Every structure is written in structure tokens, then in C-alpha cells.
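Asker: All chains, please: the whole structure from these sequences, using the hints.
Residue numbers (the numbering used here), protein chains in the order written: chain A, 1 to 115; chain B, 116 to 224.
What the hints contain is simulated information worked out from the structure, not anything from laboratory work.
Predicted model, so just to flag it, every value in this text is computed and none were measured.
Some hints could be false.
Stated by the list, open to error - Covered, in the sense of this in silico footprint (three residues per stretch, anywhere, with C-beta under 8 angstroms from a C-beta of chain A), are these stretches of chain B:
no.	segment
1	157-165
2	168-180
Claimed, not checked - Derived SDA-like pairs: lysine to any residue, alpha-carbon spacing no greater than 25 angstroms straight-line:
no.	chain 1	residue 1	chain 2	residue 2
3	A	LYS11	B	GLN152
4	A	LYS44	B	PHE144
5	A	LYS44	B	GLY173
6	A	LYS44	B	GLY165
7	B	LYS196	A	GLN41
8	A	LYS11	A	VAL89
9	A	LYS11	A	GLU85
10	A	LYS62	A	ALA20
11	A	LYS11	B	GLY155
A virtual CB, placed ideally from N, CA and C, is assigned to each residue, including glycine.
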Amino acid sequence: EAGVAQSPRYKIIEKRQSVAFWCNPISGHATLYWYQQILGQGPKLLIQFQNNGVVDDSQLPKDRFSAERLKGVDSTLKIQPAKLEDSAVYLCASSLASSGQETQYFGPGTRLLVL
Amino acid sequence: GQSLEQPSEVTAVEGAIVQINCTYQTSGFYGLSWYQQHDGGAPTFLSYNGLDGLEETGRFSSFLSRSDSYGYLLLQELQMKDSASYFCAAYNYGQNFVFGPGTRLSVLP
Numbered sequence: 001e002a003g004v005a006q007s008p009r010y011k012i013i014e015k016r017q018s019v020a021f022w023c024n025p026i027s028g029h030a031t032l033y034w035y036q037q038i039l040g041q042g043p044k045l046l047i048q049f050q051n052n053g054v055v056d057d058s059q060l061p062k063d064r065f066s067a068e069r070l071k072g073v074d075s076t077l078k079i080q081p082a083k084l085e086d087s088a089v090y091l092c093a094s095s096l097a098s099s100g101q102e103t104q105y106f107g108p109g110t111r112l113l114v115l
Numbered sequence: 116g117q118s119l120e121q122p123s124e125v126t127a128v129e130g131a132i133v134q135i136n137c138t139y140q141t142s143g144f145y146g147l148s149w150y151q152q153h154d155g156g157a158p159t160f161l162s163y164n165g166l167d168g169l170e171e172t173g174r175f176s177s178f179l180s181r182s183d184s185y186g187y188l189l190l191q192e193l194q195m196k197d198s199a200s201y202f203c204a205a206y207n208y209g210q211n212f213v214f215g216p217g218t219r220l221s222v223l224p
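Answerer: In C-alpha cells:
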């Protein structure tokens, strides 16, 4: 079974530029999560989708971050414009359902450096 | 607010037993998960406690006490490959997850 795919794996941009990340979850997984992990900290949930609907985006900085999951499969996360403090690893995860006992499977992450 | 606390670092020797504690303060707590993350890698699921008590999975066990808002991960027969960061994560009604700050485990030969 293929795992969660993410691209690009690395990205370096200058502040005020835009960037987009892509995630392809495990086939059949209804729930998709985007996390931000700053070095030395735990993952912070940015947004959670159930199929193509948003379950939780309370910690998404909506003035600069946006995400979509068209057709309930792939998802993109965009930052526009980027700030220095956005430098982090952006992790995508998926699970069969959204209950807490469902295992979340994480992708390899996209490492973003904002200069 | 919602927060979880874990020790920042733990060190143990190969073959030993180590316990990583997690206390939580969240609204609508439902269950507690544990994830392992090696440097440069993605988090991988270890265990989940939805009920009070001990869950055992091979060398790893996890415990939850709702009355104490407390849980722990117990790693037995430590191996060098267990050197990693370990995160507890609370699942709350309203279907959101909050991860703890992580505990960095160093296993010495």
C-alpha cells in the first residue's frame, strides 16, 4: 500500500513570496490533516478535512494560509505572502476516519525555509 | 486553552526501561495517542488509549488515567534504534488533535 505522498520535499523562498505544497493521501482515507512543525516542537494542526469539507481550521492563519481538498482526495496548502516565521516542516497526514483511535499516517513532509 | 506537557529530554541505557509522562489540559478530552519521530523523519503511530488503563504493544505500553489527566509511554528492553522524539497527542470532541512538545529520548550503549 502506498503511503502519503508530499511534494516538494524542500523549498527555499524569500519572504513575501508565495509557495504551495501538495499532498496525496492514502487511497480510501477520508480524513486529511495539514500540520506545521517548527524545529524542536510538536506538530501543530493547521487544518483538518473530512472528505472535501473542513472539520477544523481554527489554527490556520487565514490572512496568509489557505488550503483546499478538491474532490476529497489530493490537497494543496498555500502560503501567500510568506514570513520568516513560516520556516518549518509542513506535514500532511491521513486517516480512514476522524475518530481519535484512527491511526494517522504521515507523509515525509515539506521543509520550507523562508529567507 | 489546550495544552500538553512532557519532559523535554530523557536518557537511558540499552536494555533498560524508560517511562515518558504526559499531562494534559484540554476541553472535551476523548483519548491520547503516542507517536515516534526520528530526526528528519515523519511521526509514526505507536499506541492509543481511549479508556483508562494499560495498552500493550510489544515492547511499548501506554497508560491513561482520565481522573489525573495523565498518561505515559513505557518502553522496555531499550534499543539504540529507539533514540527518537516521542509525542503524546490528545484527541478532543470536536474532532481536533493537539500534540505535546515532545520528549527526546537518547539511548546510550
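Asker: Take the hints in turn and mark each one as holding or not.
Answerer: Hints versus structure:
Under a criterion of three residues with beta carbons nearer than 8 angstroms to beta carbons of chain A, the stated coverage of the segment 157-165 of chain B is upheld, 6 such residues being counted. Under the rule that three or more residues need a Cβ within less than 8 angstroms of chain A, the assignment of the segment 168-180 of chain B is violated, with 0 such residues. For the proposed pair A:LYS11 and B:GLN152, the alpha carbon gap of about 21 angstroms is at most 25 angstroms, so the pair holds. For the given pair, A:LYS44 sits about 17 angstroms from B:PHE144 by alpha-carbon distance, which is consistent with the 25 angstroms threshold.
In summary, the hint linking A:LYS44 to B:GLY173 is not supported, as the alpha carbons are separated by about 29 angstroms, beyond the 25 angstroms threshold. For the proposed pair A:LYS44 and B:GLY165, the alpha carbon gap of about 21 angstroms is at most 25 angstroms, so the pair holds. Simply put, B:LYS196 and A:GLN41 have alpha-carbon atoms about 21 angstroms apart, close enough for the 25 angstroms limit, and the pair holds. Between the alpha carbons of A:LYS11 and A:VAL89 the distance comes to roughly 10 angstroms, so the proposed pair stays at or under 25 angstroms and holds.
With a C-alpha separation of about 14 angstroms, the suggested pairing of A:LYS11 with A:GLU85 holds against the 25 angstroms cut-off. About 15 angstroms separates the Cα atoms of A:LYS62 and A:ALA20, which keeps this hinted pair within 25 angstroms; it holds. The suggested pairing of A:LYS11 with B:GLY155 holds, with an alpha-carbon distance near 15 angstroms, which does not exceed 25 angstroms.
Violated hints for the displayed structure, listed by number in ascending order: 2 and 5.
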